[in-house]
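Asks: Each chain, written out:
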Amino acid sequence: MVAPVITLTTDFGDGDPYAAAMKGVILSRCPEARIVDLGHGIQPRDIMEGALFLAGAVPYFPPGTIHVAVVDPGVGTDRLPIVAKAAGQIVVCPDNGLLTLLTHLHTLEEVRAIENPAFMLDEVSPTFHGRDIFAPAAATIASGKNVEEAGTLLNAIELLDELPRPCLEEEGHVEGAIIHADRFGNLITNIHRSMLNENVAITTRVGDTRLSTLLRTYGDAPPNEALALIGSSNFLEIAINGGSARDRLGLDRGDSVDLRW
Amino acid sequence: MVAPVITLTTDFGDGDPYAAAMKGVILSRCPEARIVDLGHGIQPRDIMEGALFLAGAVPYFPPGTIHVAVVDPGVGTDRLPIVAKAAGQIVVCPDNGLLTLLTHLHTLEEVRAIENPAFMLDEVSPTFHGRDIFAPAAATIASGKNVEEAGTLLNAIELLDELPRPCLEEEGHVEGAIIHADRFGNLITNIHRSMLNENVAITTRVGDTRLSTLLRTYGDAPPNEALALIGSSNFLEIAINGGSARDRLGLDRGDSVDLRW
Amino acid sequence: MVAPVITLTTDFGDGDPYAAAMKGVILSRCPEARIVDLGHGIQPRDIMEGALFLAGAVPYFPPGTIHVAVVDPGVGTDRLPIVAKAAGQIVVCPDNGLLTLLTHLHTLEEVRAIENPAFMLDEVSPTFHGRDIFAPAAATIASGKNVEEAGTLLNAIELLDELPRPCLEEEGHVEGAIIHADRFGNLITNIHRSMLNENVAITTRVGDTRLSTLLRTYGDAPPNEALALIGSSNFLEIAINGGSARDRLGLDRGDSVDLRW
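Residue numbers (my numbering), protein chains in the order written: chain A, 1 to 261; chain B, 1 to 261; chain C, 1 to 261.
There's no promise every hint is true.
[Unchecked claim] Derived Cβ-Cβ restraints for the label pairs, each shown as a range:
id: 1; chain 1: B; residue 1: D122; chain 2: C; residue 2: G144; range: 52 to 60 Å
id: 2; chain 1: A; residue 1: P223; chain 2: C; residue 2: D258; range: 41 to 49 Å
id: 3; chain 1: A; residue 1: D208; chain 2: B; residue 2: G207; range: 40 to 48 Å
id: 4; chain 1: A; residue 1: R205; chain 2: C; residue 2: D258; range: 46 to 54 Å
id: 5; chain 1: C; residue 1: G207; chain 2: A; residue 2: G88; range: 39 to 47 Å
id: 6; chain 1: A; residue 1: H173; chain 2: B; residue 2: P62; range: 43 to 51 Å
id: 7; chain 1: C; residue 1: P164; chain 2: A; residue 2: P223; range: 21 to 29 Å
[Claimed, not checked] Some chain A residues well away from chain B (every beta-carbon gap over 10 Å; in silico):
id: 8; residue: K23
id: 9; residue: S28
id: 10; residue: G76
id: 11; residue: D95
id: 12; residue: L105
id: 13; residue: A118
id: 14; residue: P126
id: 15; residue: T127
id: 16; residue: R131
id: 17; residue: K145
id: 18; residue: A221
id: 19; residue: G243
[As the list claims (entries may be wrong)] Far from chain A, some chain C residues (derived; all Cβ distances over 12 Å):
id: 20; residue: A3
id: 21; residue: I35
id: 22; residue: P62
id: 23; residue: G76
id: 24; residue: D78
id: 25; residue: K85
id: 26; residue: E109
id: 27; residue: T152
id: 28; residue: G207
id: 29; residue: L211
id: 30; residue: N234
id: 31; residue: G254
In short, the hints are calculated from the structure, not lab data. For every residue, glycine included, the Cβ atom is placed at its ideal position computed from N, Cα and C.
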């Protein structure tokens, strides 16, 4: 049997020792764990970005993989630390909305508060639960302890309500929004492929830009021209072939997108 | 027995092949080694930041873990490559002050110059000891060679003297300094919890800001308000709930902090 | 026998879930694989930077290591996905020039198109071959499938022709160019040590700067002064002791370098 994998997703960046301390705690408690970094570049305190990240990464892992996610502006307040089973995976994180998108797309099978001191360090600081609760909880589960022992079963998790939901205004007209600009400047919207009729001509309006077809990939547009396509997570995406749509179109998260066909 | 862990902490960033070449050297010499990235985002040549990083991460690892740290502006000059045992860990690094904070807080058990060619690549360039000395030395130790064979026992290591030490001016009055601004803009000072009397009201002055209490966590202040707290490494920290204290208070490393109670 | 290593080099950065999804795909298909991040900070779509990165990192790994490299602005167009054996290593990447520098310095032993659906996910999106082709292909090879089964043998790979080649104008006079500025601001040129006579005085001109000797290492110049040296990959490099040559000399990739001796 292969050694357990524990993945890490945080807003801790690459220049502070926070993610590193978590790794030390994990290996101290579960020496055979295999640590896999998913990404530490979530914008500081940006739960929405963390939720998008998790939805785009977690489902690709083998069932039963343990994931730790820490974007935790409310650390030490009354928001709960939780362990959730969703999409066949186990996620350890604060109950602050980080699982919103994952559970939109996949069943939330079980969620528990982390209350059992055996899942935590002996001393828990009020400002760093990544190190003191989430890392040791993940390592404790990786060592074979049952998730059931973590704490009370919860009926629900916190969900981000700021998350815009696309709106089918009428047949052939959807209003949505940009929910993320990625490192390439591609503008990812909340309009899922399933809302569209891809067999007819679709006109996308976003800012001052009007795009009259959906293309298949970036290189199908002329260099430096804007295009709309269905991205790799099945959401509508606005891009520039060879450049940043965010920079060149002056658009970003929150801006609205209008689709008609 | 689990495979040996070798951690990496550098100022090499994520866009140049320097840390990657070190990983190749490690796996060539010790194929079963498990490489764990601590962080490659130390500011270029910033030994002080590297020293803070190591002190905040290294002690959390299982005893005997091997750590490689490379922030090395003096590479190829007469500064020595060393291997040190401290805090129960083994650290391979240049002797330039990187261990200053780790050895303030934990015993330095042993330190040796790396002189034995068996701990290095056959050819050692004058500009990249990370690849040519530190990585192979760590892998050699991970493969079972004794630290004692690395080279001469040293009596002392280089310490950063620029590091400000807090000063107990009189009972109830401490003068310290900001020693680090983290990715969140939290301002971490050199004033350790042990210098304070937390049972009485403490007034913190920093720049134009005056904070009359110590809070427990960030979310205990109103949104966007400044606060003082004892951070997760037990040092006094100035923060803004939900924002960057560095940006909003206009303060950074080196600025002084005055505490009275 | 140790578990297979799969390395990742991409321009996906640390804040989007793209590299993370690739890791999930790899572990789903080859659960025992050991994933090693080489770097995800290649500038977006910058094939030339990716090619330099690979040449500086890949050759240090144990023979037979599997590397995935994704800098892929032409994803989904007619550029081929390939698997190449070079420098004793196996590299899976788009055929867009990423292997240009690796194969300048090392023999290209074999290259094949990836055509066999057994090397891909069941569904291949037109915009994310990192997840849908390159990651599963690497994991398939790591699981023991022969590279020969990937697809048709190719006679040649795409090479970057924009890559400037240094020119020996006459004996004792070389014209080259800066091909990369690293995180430290060191300016790395395309002039290899083998083109020079290091036994005589060499004068380097770059921009307004004239350097009359080759030094051994950065610290051999006075603080904050410019110097020329042979860098750790055996190419001529222009640097500032303790600072960024790119920023202070106002030079960057593409600027020419004139050497006389």
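Asks: Please flag the earlier hints that this structure goes against, numbers listed from lowest up.
Replies: 1, 2, 5, 6, 8, 9, 10, 14, 15, 16, 20, 21, 23, 24
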